[in-house]
Amino acid sequence: DAGVTQSPTHLIKTRGQQVTLRCSPKSGHDTVSWYQQALGQGPQFIFQYYEEEERQRGNFPDRFSGHQFPNYSSELNVNALLLGDSALYLCASSFGRNTEAFFGQGTRLTVV
Amino acid sequence: AQSVTQPDIHITVSEGASLELRCNYSYGATPYLFWYVQSPGQGLQLLLKYFSGDTLVQGIKGFEAEFKRSQSSFNLRKPSVHWSDAAEYFCAVALTDSWGKLQFGAGTQVVVTP
Numbered sequence: 001d002a003g004v005t006q007s008p009t010h011l012i013k014t015r016g017q018q019v020t021l022r023c024s025p026k027s028g029h030d031t032v033s034w035y036q037q038a039l040g041q042g043p044q045f046i047f048q049y050y051e052e053e054e055r056q057r058g059n060f061p062d063r064f065s066g067h068q069f070p071n072y073s074s075e076l077n078v079n080a081l082l083l084g085d086s087a088l089y090l091c092a093s094s095f096g097r098n099t100e101a102f103f104g105q106g107t108r109l110t111v112v
Numbered sequence: 001a002q003s004v005t006q007p008d009i010h011i012t013v014s015e016g017a018s019l020e021l022r023c024n025y026s027y028g029a030t031p032y033l034f035w036y037v038q039s040p041g042q043g044l045q046l047l048l049k050y051f052s053g054d055t056l057v058q059g060i061k062g063f064e065a066e067f068k069r070s071q072s073s074f075n076l077r078k079p080s081v082h083w084s085d086a087a088e089y090f091c092a093v094a095l096t097d098s099w100g101k102l103q104f105g106a107g108t109q110v111v112v113t114p
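Sequences listed follow chains A and B, in order.
Under our numbering, think of the first position of the first sequence as 1, with each following residue one higher.
Under our numbering, think of the first position of the second sequence as 1, with each following residue one higher.
This is chain B alone, in the form it adopts within the complex (with noise of 0.2 Å):
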């Protein structure tokens, strides 16, 4: 079965430090991969995505992610984080060939501390 996979449900990282989300798709073709992010009471904003070429690819907020075909992932990483990140991270997934139809992930919220 079709399926996005975000195993860290929540984590909580210090101000300054590095942090990188994990996700994990299952589909028999590579599909579209985004990542979103959520803030308390609010709609999704987009960070990045992928649909083809570089495997890293940079996107708002200093936010990076990168591709792994073999793995059949996309994790996120920013190299420090700010106050301001705390929210909750969407991984994404769209089939090609059916546009528009994203599949989420269940999310994985994120502290930062001081």
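Okay, chain A solo, but in the shape it has when bound (with noise of 0.2 Å):
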């Protein structure tokens, strides 16, 4: 069981660039969650996918974008970037109402 995994591990954009960030889940997971983790901070509740749309959002611009795919796996988005996004990405998988969550190693994204 590989877990789950996110790609790329690294990348740097150019402020006002689009990102796609990738996620596939823990096998046997349907639920996908995406977090964000600035600097010194606890992980933030961007949203979550199930059964390919987005059930629960938090409080992030329409900036941010998510899909999942018949095969459970994810991608997040993020239009327009700025400085501030730069972060650790996060993703988690789940299953069903089990609030288990299991998470992917990240993806640093550096803003420049």
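Worth double-checking, as some hints may not be accurate.
Straight-line alpha carbon distances no greater than 16 Å define the calculated EDC-like cross-link-like pairs of lysine to aspartate or glutamate that follow [stated by the list, open to error]:
{"#": "1", "chain 1": "B", "residue 1": "Lys-101", "chain 2": "A", "residue 2": "Glu-100"}
{"#": "2", "chain 1": "B", "residue 1": "Lys-49", "chain 2": "B", "residue 2": "Glu-66"}
{"#": "3", "chain 1": "B", "residue 1": "Lys-61", "chain 2": "B", "residue 2": "Asp-85"}
{"#": "4", "chain 1": "B", "residue 1": "Lys-68", "chain 2": "B", "residue 2": "Asp-54"}
{"#": "5", "chain 1": "B", "residue 1": "Lys-68", "chain 2": "B", "residue 2": "Glu-20"}
{"#": "6", "chain 1": "B", "residue 1": "Lys-61", "chain 2": "B", "residue 2": "Glu-20"}
{"#": "7", "chain 1": "B", "residue 1": "Lys-61", "chain 2": "B", "residue 2": "Asp-8"}
{"#": "8", "chain 1": "B", "residue 1": "Lys-101", "chain 2": "A", "residue 2": "Asp-85"}
{"#": "9", "chain 1": "A", "residue 1": "Lys-26", "chain 2": "A", "residue 2": "Glu-75"}
{"#": "10", "chain 1": "A", "residue 1": "Lys-13", "chain 2": "A", "residue 2": "Asp-85"}
{"#": "11", "chain 1": "B", "residue 1": "Lys-49", "chain 2": "B", "residue 2": "Glu-64"}
{"#": "12", "chain 1": "B", "residue 1": "Lys-101", "chain 2": "A", "residue 2": "Asp-30"}
{"#": "13", "chain 1": "A", "residue 1": "Lys-26", "chain 2": "A", "residue 2": "Asp-85"}
{"#": "14", "chain 1": "B", "residue 1": "Lys-49", "chain 2": "A", "residue 2": "Glu-100"}
{"#": "15", "chain 1": "B", "residue 1": "Lys-49", "chain 2": "A", "residue 2": "Glu-75"}
It is worth saying that the hints were derived from the structure and are not from the lab.
Predicted, not measured: the structure shown is a model, and the values here were computed from it.
Relying on the hints, combine the two individually framed chains into one complex.
Okay, structure coming up:
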């Protein structure tokens, strides 16, 4: 079992650009959540996908969007990047109403 | 407002000494409670969780946590720390009707000295 896998591990983007981050959930999991962790802070919930639909959303602007595919993998898209979007982006997967979430290693995004 | 508070930003402990990390939450009902650990540059690993039942829960790596409803607390403990326990620890909560949406505290950085 590969666990939750995220790609890429690191990337650097310029302000105003768009970025796509990818996540494959743990085998058997059908729910994917995305979190943003700024340096020195706890993770902040961005949104959650289940059955290919966004089910819950945190306090993030519409520049943050996502998608879930039939195989339960997911993408996080961020448009019009700001310097403040620099953070570690974590993907977590879980199964059904069991809220035990398993996290990937994260994607470190740097916006310059 | 709903919140999760970890009062200690940084704790230094000697190897072999005991460790206690504090976590308080403010919610209308008892949420699901979790402790995660994050090593430098890594994702989060679940140490233990509380959903219901016995208020003292055992986790991995020798950690345990006690839920106290009257104090809205869920403190993490370890009787004897190892150098490998140096990491950042996060308390998190999820509402029972908001599955998968975790709210994290700001974290406690644990440093272990020889």
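We went through each hint and held it up to the structure:
1. Lys-101(B) <-> Glu-100(A): 10 Å, holds
2. Lys-49(B) <-> Glu-66(B): Holds, at roughly 10 Å.
3. Lys-61(B) <-> Asp-85(B): 9 Å, holds
4. Lys-68(B) <-> Asp-54(B): Distance of about 11 Å is within 16 Å: holds.
5. Lys-68(B) <-> Glu-20(B): With a Cα-Cα distance of about 14 Å, the restraint between Lys-68(B) and Glu-20(B) holds, given a limit of 16 Å.
6. Lys-61(B) <-> Glu-20(B): 14 Å, holds
7. Lys-61(B) <-> Asp-8(B): 21 Å, violated
8. Lys-101(B) <-> Asp-85(A): Since the Cα atoms of Lys-101(B) and Asp-85(A) sit roughly 20 Å apart, the hinted pair is violated (cutoff 16 Å).
9. Lys-26(A) <-> Glu-75(A): This hinted pair holds, its Cα atoms lying about 15 Å apart.
10. Lys-13(A) <-> Asp-85(A): Roughly 10 Å between the alpha carbons, so the hint for Lys-13(A) and Asp-85(A) holds.
11. Lys-49(B) <-> Glu-64(B): Cα-Cα ~10 Å, so holds.
12. Lys-101(B) <-> Asp-30(A): 14 Å, holds
13. Lys-26(A) <-> Asp-85(A): Cα-Cα ~26 Å, so violated.
14. Lys-49(B) <-> Glu-100(A): 8 Å, holds
15. Lys-49(B) <-> Glu-75(A): 28 Å, violated
Of the hints listed earlier, those the structure fails to meet are numbers 7, 8, 13 and 15, in rising order.
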